[in-house]
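Peer 1: The residues making up each chain are set out below.
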Amino acid sequence: MEEGKKKIFPVHYAPGKKLFHIVVTLSDAPGSYSSILDLVRTKVNLIGTSTYTRSDGTAMFSGFSEALSRALTAKGLERLIMSSKAAISATVYEGKDGLLVDTFHTGFVVGDEEYILMRRDGLVHVFDRVSKMLGSGGDALLFEEGTAMGLRNAEMMIKNVGVKRVRAQTGTLNRFLAAQGWGEIEAKAGPGKDGFSVKIDDCFECSTDGSSRGGCNFMRGYLAGGARATFGKDYESIETKCRLKGAGACEFVLTPS
Amino acid sequence: MRVWGLLSVVAFQIALLVLRGTIPAVLLALPAASIALVVEKGDFESIASELNRKGVKASAPAAILGKSGVKHEFAFALIPDSGKARIVVDTELSVKEVDEMKVLKFYVKVFDVGPDKAVLCVSPRLGARAATLAKEYGITVLENDVPRKLIPMAEKVVKEFVGTGAN
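In order, the protein sequence lines correspond to chains A and B. Using our numbering, you'd call the opening residue of the first sequence number 1 and step up by one each time. Using our numbering, you'd call the opening residue of the second sequence number 1 and step up by one each time.
Take these hints with a grain of salt, some might be off.
Stated by the list, open to error - Some but not every residue of chain B turned toward chain A, in silico, with C-beta under 7 Å:
1. His72
2. Lys105
3. Val108
4. Lys109
5. Asp112
6. Leu142
7. Asn144
8. Pro147
Hints were generated in silico from the structure; no laboratory data involved. C-beta atoms are modelled at their ideal positions from N, C-alpha and C, and glycine is treated no differently.
So here's chain B without its partners, still in its complex pose (with noise of 0.2 Å):
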């Protein structure tokens, strides 16, 4: 039992890092653990790759000033030249329902920033608390039990924000 607790917490950093982007996709077409986690349409870093070549300025992962003269960082941006992000993105997984802690983290970092619209793809699920909160704050959520598919709903709602000429 031991084991398998240990390998699960593994398996969980592993997607983390994938979905944050700081692992390489291909990387993880080598061990035979990680084959579940493989993202299918592609992680934060290719979709900002593409938006790249299409002449939006996106950003996998984004460090970015806020007004306090902190930097932060988001799983994915949309940052013109004028240098003020117009679209943040983050993720939080959990094995149990994402607590109001971490959308107040990213709240706050949200709120230093300033971006036009904020998006956190959560896995599985925000509680209760958690997701009158993210109302609150005016927070874009992205819900799913599967990790991978949160990049395809985030990718959607990305381009989406593009596509009404925001940026």
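Looking at chain A on its own, in the form it has when it is part of the complex (with noise of 0.2 Å):
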């Protein structure tokens, strides 16, 4: 199956449609899931959903769905749900001239950090006008601020991991990055024994047409801030290919320094 990109759905516009925002508590118990879906299907179109556990022993189900009838109301819905037993509690947002905004969650949790989400043309943007404001400063502050962000989260990865399986699967966790869209990243080791060189597909700093910065800056110094931590010596990163040079992908040679 092809990778791609997860969608979310923070807010939906389909014109014309009458929309619902279904949000249920149910027991964590097998099957729970699949009675809510049962009987929602009957009635609306689900265009995205998300379920998960909750640390009170239930689970919470959130759907965005088109209603099949216009005749269909929220609480119609709510009534319809709540005759199954697995369902604790259900609230349907219905929304208005075919706009439909999540008002039931207030941001995103991965493990027990909080995050938030934005639009990544939208930093990349931000990351344009730092470089554009300060010149090479700029591309310095991209940098630091990117080594520092780099060695936080690795720090963070290794306090809830351990620093031996964040070393033995330092594979697997770049998957953690490319889920969130940072791009997809493969590590090789080399050169020399210490180095090791990344390469980035569809990396996030260089999304963007028409960007004045000459790299990613951020992206090199969260690397050697991530390495830093993982390794405990600091390394030099540099960049030998990057998109807003022409290249295909970006690639990062780290070495000890």
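Each chain sits in its own coordinate frame; assemble them with the hints.
Peer 2: See the structure below:
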């Protein structure tokens, strides 16, 4: 199966459609989720759903949906869902004029860490403006910020899973960044005994056309910071290829400094 | 009005290039409009040449690799054989007061290069907030309404620095 971008639904726009956001608290038992799906599938077309367990032993179902009939109401859907023994509580939010916004959730949590979601393009433009306003100093600033974030993120991961596992499963953990949209990272050993090279396909930092920056200084710093936390020594990080310079992918070389 | 406005912008740009050492001073002897911009006591390039003759390694302009791996350009710098810049000088010219963004722009370069002394030559002068910021960052600021007068002012500061044996 081909890898791709995950679709999530903090907002959905479908002109002329009657839209609902279904939020259900379920018992965290086998079959709960499917019993809710069996009920609502006769009334709505589910566009995007998510489920997750909570620390209190319950589970949550959240789904964006389009009504199959204009006669369907939010209250009617709630009553239908509550007829299932698996449902503990249900709230259905109705969109307006074809626009549905998730008014239930207040952010994202990965592990124990809170995350925010922003447009990739928006962050890249922030980098562009920093570089434009501060010139080469802006590029240095982006490197410093990347280093600090790489260091902290790696330290958090080491705290959670241990340094041995981080060192042994670098390839797997790089997929964690890919899943967040940073780009597909592939690291290889060398040059030298302690150096390594990193290739990033679809690197987020250079994903916008028309950038005046000369390279991916934030990512260059991020890799150096991550390597420092993981291997306990400083690394010199050089970007040898960049999409901003016409290459197909970004490549970095890290060597102990 | 529009023509004069354009000319003043062009003259300003030329002054900027002279101060950065991009245009040799001799070229300015040619166009009449540039005569007023001739640097009386030589530009940064000639200061660097003089210091180099005396065995003090100086560059104008100077491209210096910062700790981040990013290369920064300064109008002038003293860079001994060790490669670590001892003093860096830059210029900021404006028709109005120079704002804090220009100070910040200079500071982030200085932060990355880490010299012993950082000098910002400003014409006509820094705004109040910019001056506060420069003081906070430990930047030596030289101000003058006449851009060309900044060169000898900077030369004096550089030579005093060299004279203290800092190089």
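Peer 1: Please flag the earlier hints that this structure goes against, numbers listed from lowest up.
Peer 2: 6, 7 and 8
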